[in-house]
Amino acid sequence: MVVTGLGGNPVNVLSKQINMELLRIRQKCPLFEANGSSQVVKEKDEMVEREFNRLLEATSFLSHQLDFNYINNRPVSLGETLEWVINLQEKHVKDLQVEYWQSMARLQDKLKEVLVKLHDLQDKVRLLNREHRNLTETRNPKNITTEFVYRAQMRNLSTACKDYDELVEQQAELEGKLQELEANPPSDVYLSSRDRQILDWHFANLEFANATPLHNLSLKHWDQDDDFEFSGSHLTVRNGYSCVPVALCEGLDIRLSTAVRKISYDTNGVEVQVSCARNHSNPTTIKGVAVLCTLPLGVLKQSVLPNAAALPNTVTFHPPLPNWKLTAINRLGFGNLNKVVLCFDRVFWDPNANLFGHVGSTTASRGELFLFWNLYRAPVLLALVAGEAAQVMENVADDVIVGRCVAVLKGIFGNNIVQQPKETVVTRWRADPWSRGSYSFVSTGASGNDYDILATPIAPPGPPSSNGSSSSASASNANGSGSSNNTSSSNSNGSAGAGATTNTGSTNGTTISNGDPPPPDPNRPPRLFFGGEHTIRNYPATVHGAFLSGLREAGRIADQFLGCPYATPPHHISTE
Numbered sequence: 001m002v003v004t005g006l007g008g009n010p011v012n013v014l015s016k017q018i019n020m021e022l023l024r025i026r027q028k029c030p031l032f033e034a035n036g037s038s039q040v041v042k043e044k045d046e047m048v049e050r051e052f053n054r055l056l057e058a059t060s061f062l063s064h065q066l067d068f069n070y071i072n073n074r075p076v077s078l079g080e081t082l083e084w085v086i087n088l089q090e091k092h093v094k095d096l097q098v099e100y101w102q103s104m105a106r107l108q109d110k111l112k113e114v115l116v117k118l119h120d121l122q123d124k125v126r127l128l129n130r131e132h133r134n135l136t137e138t139r140n141p142k143n144i145t146t147e148f149v150y151r152a153q154m155r156n157l158s159t160a161c162k163d164y165d166e167l168v169e170q171q172a173e174l175e176g177k178l179q180e181l182e183a184n185p186p187s188d189v190y191l192s193s194r195d196r197q198i199l200d201w202h203f204a205n206l207e208f209a210n211a212t213p214l215h216n217l218s219l220k221h222w223d224q225d226d227d228f229e230f231s232g233s234h235l236t237v238r239n240g241y242s243c244v245p246v247a248l249c250e251g252l253d254i255r256l257s258t259a260v261r262k263i264s265y266d267t268n269g270v271e272v273q274v275s276c277a278r279n280h281s282n283p284t285t286i287k288g289v290a291v292l293c294t295l296p297l298g299v300l301k302q303s304v305l306p307n308a309a310a311l312p313n314t315v316t317f318h319p320p321l322p323n324w325k326l327t328a329i330n331r332l333g334f335g336n337l338n339k340v341v342l343c344f345d346r347v348f349w350d351p352n353a354n355l356f357g358h359v360g361s362t363t364a365s366r367g368e369l370f371l372f373w374n375l376y377r378a379p380v381l382l383a384l385v386a387g388e389a390a391q392v393m394e395n396v397a398d399d400v401i402v403g404r405c406v407a408v409l410k411g412i413f414g415n416n417i418v419q420q421p422k423e424t425v426v427t428r429w430r431a432d433p434w435s436r437g438s439y440s441f442v443s444t445g446a447s448g449n450d451y452d453i454l455a456t457p458i459a460p461p462g463p464p465s466s467n468g469s470s471s472s473a474s475a476s477n478a479n480g481s482g483s484s485n486n487t488s489s490s491n492s493n494g495s496a497g498a499g500a501t502t503n504t505g506s507t508n509g510t511t512i513s514n515g516d517p518p519p520p521d522p523n524r525p526p527r528l529f530f531g532g533e534h535t536i537r538n539y540p541a542t543v544h545g546a547f548l549s550g551l552r553e554a555g556r557i558a559d560q561f562l563g564c565p566y567a568t569p570p571h572h573i574s575t576e
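In this note's numbering, the protein residues as written are 1 to 576.
To be clear, the hints were calculated from the coordinates, so they are not data collected in a lab.
Any given hint could turn out to be false.
[Stated by the list, open to error] Keeping only pairs whose Cα atoms sit at most 30 angstroms apart, straight-line, the calculated BS3-like set for lysine-lysine is: (1) Lys110 with Lys91; (2) Lys422 with Lys28; (3) Lys42 with Lys94; (4) Lys262 with Lys287; (5) Lys28 with Lys44; (6) Lys44 with Lys94; (7) Lys177 with Lys124; (8) Lys42 with Lys28; (9) Lys177 with Lys117; (10) Lys162 with Lys117; (11) Lys410 with Lys44; (12) Lys410 with Lys42.
[As the list claims (entries may be wrong)] Here are the in silico distance ranges between beta carbons for each label pair: (13) His119 with Ser193: 46 to 56 angstroms; (14) Asp123 with Ser193: 50 to 60 angstroms; (15) Asp253 with Ile18: 16 to 26 angstroms; (16) Thr363 with Glu166: 48 to 58 angstroms.
In this text, all values refer to a predicted model and were calculated from it rather than measured experimentally.
For glycine and all other residues, C-beta sits at the position ideal for the given N, C-alpha and C.
Use the sequences and the hints to build the structure in full.
Dropping the structure here:
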């Protein structure tokens, strides 16, 4: 749905080759309060967004500078670290409050001491003043003794008055400090309930970018692909990303409604068993020298479960995938993002705004219909459901979801403005048997290396050794890029995530050894290749990433079976 910049993006080339209508997205996104009755003030939105960025910077500092990534040998997630930092900020606010009241108490104690001294000094000054008046009446300048007493009394009175003036100044200073403190009390909370709702909206937007709740994301590696972002404005494909596969498949033997059931590979080649996707009829075996598997990661995850054979739309590998591949499949996360398409009779929103947000009332529901897209000339809105809400939505009826959408829109635009949509589409990508989710992310315990492992091709096992076991499968060192058409129907989700993250894959009770792919064996070239957005480390969770992985695998397969004419001669040393 989104093209994240055209600078260096292969989609830029594709857009010039096929009928792809690109529309620049206006980044302005007004937010509407949880009750929908008012728009969030721009200054408030910007303030909370700055705090959101500060929180992310704090988590990055903890991870990359302080190397805080594990607790009790358990990898820490981005979500829980954000909540810890928020709690620490709340504690800091309470510490400031304690310090504030302690300062108030200290100043009041000092003021009390000054007032007591002033009271005592006033009595002393009154006494000295009476004595001074009496001495003035009986003063005899010629009497040295009385004159000495008179002058001593004058000095004492002058000193007392001076001390009194100093105490009055101290009193004024302390009262001024107290008034200043009273006029500038510290905040009672780090985030008000309203501030937290707006912050949760930004968290929901981050969950949309990664297609998973934040507590699933690796603290250290969730944004490992950020350095490879393309330059330029974000755009949308107005006529839909489907125009890309339609153009690319022209002239190819694409077999629709055909499901892959089993992939077999050995030293002689590969066999792919397929049948009708609807009723498993018409089983057919397709033979070849190699096979490129672009099954979505969600389908791969299902295929390696212990009870995979009992699940529908499961692909079986023979021989089974090696442990290093299974480990990466289980470690890397595959997220979920759902959409609600609403078609109306007329436009009742600002046609010049591509986006507007809806702030949820609770943290748990922050991803529910948090963002609405207006991308088409027609009166169509696209609502996004991310995070925990995306999974909840999978089990809710369409009528309930659409009714909730209409209620949110009526809260924003008014009951008399919003009419019932004439057509709707609700996605449920996690339940879709051909995708089992939306796109990949780096989960806790995973890293960018897992994308590389998933991209590594598999060579067939070697001949049995003397003890009856087969030698381990090897990986290819063939370079290059590219892909062929996928072996089974797979979801080409148009939503491009901003950053990919990995989720700790569950092994479901199976013991899977950790490790990297074994070194390549030139006597056993790989036969099973892998492509897709989950196999490209620098551009995961994007359409351009999936496309680039296809180019990579096409080159790798061509180099493997046709030879690599541009290979650097061995032991070549540049003389430049």
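For each hint, the structure was consulted:
The suggested pairing of Lys110 with Lys91 holds, with an alpha-carbon distance near 28 angstroms, which does not exceed 30 angstroms. Between Lys422 and Lys28 the CA atoms are separated by roughly 28 angstroms; this keeps the pair inside 30 angstroms, and the hint holds. The hinted pair formed by Lys42 and Lys94 meets the criterion: a straight-line CA distance of about 28 angstroms does not exceed 30 angstroms. Distance restraint check for Lys262 and Lys287: the Cα-Cα separation of roughly 12 angstroms lies within the 30 angstroms cut-off, and the hinted pair is therefore satisfied.
The straight-line distance between the Cα atoms of Lys28 and Lys44 is roughly 15 angstroms, inside the 30 angstroms bound, and the hint therefore holds. Restraint check for Lys44 and Lys94: the C-alpha separation of about 22 angstroms stays at or below 30 angstroms, so the hint holds. As the CA atoms of Lys177 and Lys124 are separated by approximately 28 angstroms, the hinted pair is consistent with the 30 angstroms bound. For a cut-off of 30 angstroms, the pair hint linking Lys42 to Lys28 stands: about 11 angstroms separates their Cα positions.
Of the pairs offered as hints, the one joining Lys177 and Lys117 holds, with about 19 angstroms between alpha carbons and a cut-off of 30 angstroms not exceeded. A distance of roughly 13 angstroms separates the Cα atoms of Lys162 and Lys117; the hinted pair therefore holds under the 30 angstroms criterion. A C-alpha spacing of about 23 angstroms is found between Lys410 and Lys44, which places the hinted pair at or below 30 angstroms, so the restraint holds. As the CA atoms of Lys410 and Lys42 are separated by approximately 22 angstroms, the hinted pair is consistent with the 30 angstroms bound.
At roughly 48 angstroms, the beta carbons of His119 and Ser193 sit within the given window of 46 to 56 angstroms. As the Cβ distance of Asp123 to Ser193 is approximately 55 angstroms, the hint placing it in 50 to 60 angstroms holds. Between Asp253 and Ile18 the Cβ separation comes to about 20 angstroms, which falls inside the hinted range of 16 to 26 angstroms. Distance hint check for Thr363 and Glu166: the Cβ-Cβ separation is about 56 angstroms, which falls inside the suggested range of 48 to 58 angstroms.
Every hint from the earlier list agrees with this structure, and none is contradicted.
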